[in-house]
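With the hints as constraints, model all of the structure from the sequences given.
The opening residue of the sequence shown carries number 1 in our numbering; numbering runs sequentially from there.
It is worth saying that the hints were derived from the structure and are not from the lab. Note that the structure is predicted; figures quoted are calculated from it, not measured. You may find that some hints are simply not true.
Unchecked claim - Derived Cβ-Cβ restraints for the label pairs, each shown as a range:
1. LYS50 x LYS85: 17 to 27 angstroms
2. GLU112 x ASP33: 14 to 24 angstroms
3. ASP33 x THR86: 29 to 39 angstroms
4. SER84 x ARG20: 27 to 37 angstroms
5. ASP33 x PRO136: 18 to 28 angstroms
6. ASP33 x SER84: 16 to 26 angstroms
7. THR31 x GLY111: 17 to 27 angstroms
8. VAL130 x SER84: 12 to 22 angstroms
Said to hold, decoys possible - Calculated pairs, DSS-like style, for lysine-lysine (alpha carbon to alpha carbon, straight line, at most 25 angstroms):
9. LYS138 x LYS126
10. LYS138 x LYS45
11. LYS126 x LYS50
12. LYS21 x LYS50
For glycine and all other residues, C-beta sits at the position ideal for the given N, C-alpha and C.
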Amino acid sequence: MDARRGSEPTPVKNRTTVERKSEREFVVKRTFDAPARLVFEAWTKPELLKLWWAPKSMGMSLVSCEADVRVGGGYRFVFGLEASKTMAFFGRYIEVTPHSRLVWTNEEGGGEAAVTTVTFEEKGGKTLLVLSERHPSKEAVDDAIGFGEGLRETFEQLDELLVTLGASR
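Here you go:
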């Protein structure tokens, strides 16, 4: 056995943290090894969203992805396990600041919409992404916080895509 191998540093995977901030809000954070411009593109271009947004371990895919990323524009994402079992998520963009901030509503639940805010902060070629979801009630957060936990896998998939995007540019 090579003694040096054990002492060589190994690449540290970026961690995704999920924290409940209040009865009505949770926050997910992760640093990506890519500039904010690329991370923002991956969040706003349907052809890129389809490559990472659905957790592969669940056998799920993003079968339809429409995103008119501008203030007042809408989005509709349809996820499927099979053709007969689909779930639609939709809403409106209420703030779009290229490469730094996205804010949208989540209207699929009926009633008062949850609001998602994603910020992209670049430092030294890396991007700190902070996703915050504010819900109308404690019960709604209780139901939705599993989504935040599920982002761990989708963010790993985004990491892989960003490596590919960075290499191709």
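Falls inside 27 to 37 angstroms, the C-beta gap from SER84 to ARG20?
Once the Cβ atoms are compared, 34 angstroms apart, the range 27 to 37 angstroms for ARG20 and SER84 holds.
Given the hint that LYS126 pairs with LYS50, does the C-alpha gap stay at or below 25 angstroms?
23 angstroms, holds
Could you see if the CB distance from THR31 to GLY111 stays within 17 to 27 angstroms?
35 angstroms, violated
Quick one: are ASP33 and THR86 within 29 to 39 angstroms, going by C-beta?
Roughly 33 angstroms apart at Cβ, these two residues keep to the hinted range, so it holds.
A range of 12 to 22 angstroms was offered for this pair. Does it hold for the Cβ distance of VAL130 and SER84?
About 36 angstroms separates the Cβ atoms of VAL130 and SER84, which means 12 to 22 angstroms is violated.
Cβ separation of ASP33 and PRO136, checked against the hinted range 18 to 28 angstroms
36 angstroms, violated
Is 14 to 24 angstroms a correct range for the gap between the Cβ atoms of GLU112 and ASP33?
Violated - the Cβ-Cβ distance for GLU112 and ASP33, about 37 angstroms, lies outside 14 to 24 angstroms.
CB of ASP33 to CB of SER84, is that within 16 to 26 angstroms?
39 angstroms, violated
Holds or violated: LYS21 and LYS50, Cα atoms, limit 25 angstroms.
29 angstroms, violated
Within 17 to 27 angstroms: is that where the Cβ-Cβ distance between LYS50 and LYS85 falls?
Hint holds: Cβ distance 18 angstroms, inside 17 to 27 angstroms.
Would the pair LYS138 and LYS45 pass a check requiring their Cα atoms to be no farther apart than 25 angstroms?
Not OK: LYS138 and LYS45 at ~32 angstroms, beyond 25 angstroms, violated.
Does LYS138 pair with LYS126 here, judged by a C-alpha cut-off of 25 angstroms?
Given that 25 angstroms is the threshold and the Cα spacing comes to 34 angstroms, the pair is violated.
The structure is inconsistent with the numbered hints 2, 5, 6, 7, 8, 9, 10 and 12, although it conforms to all the rest.
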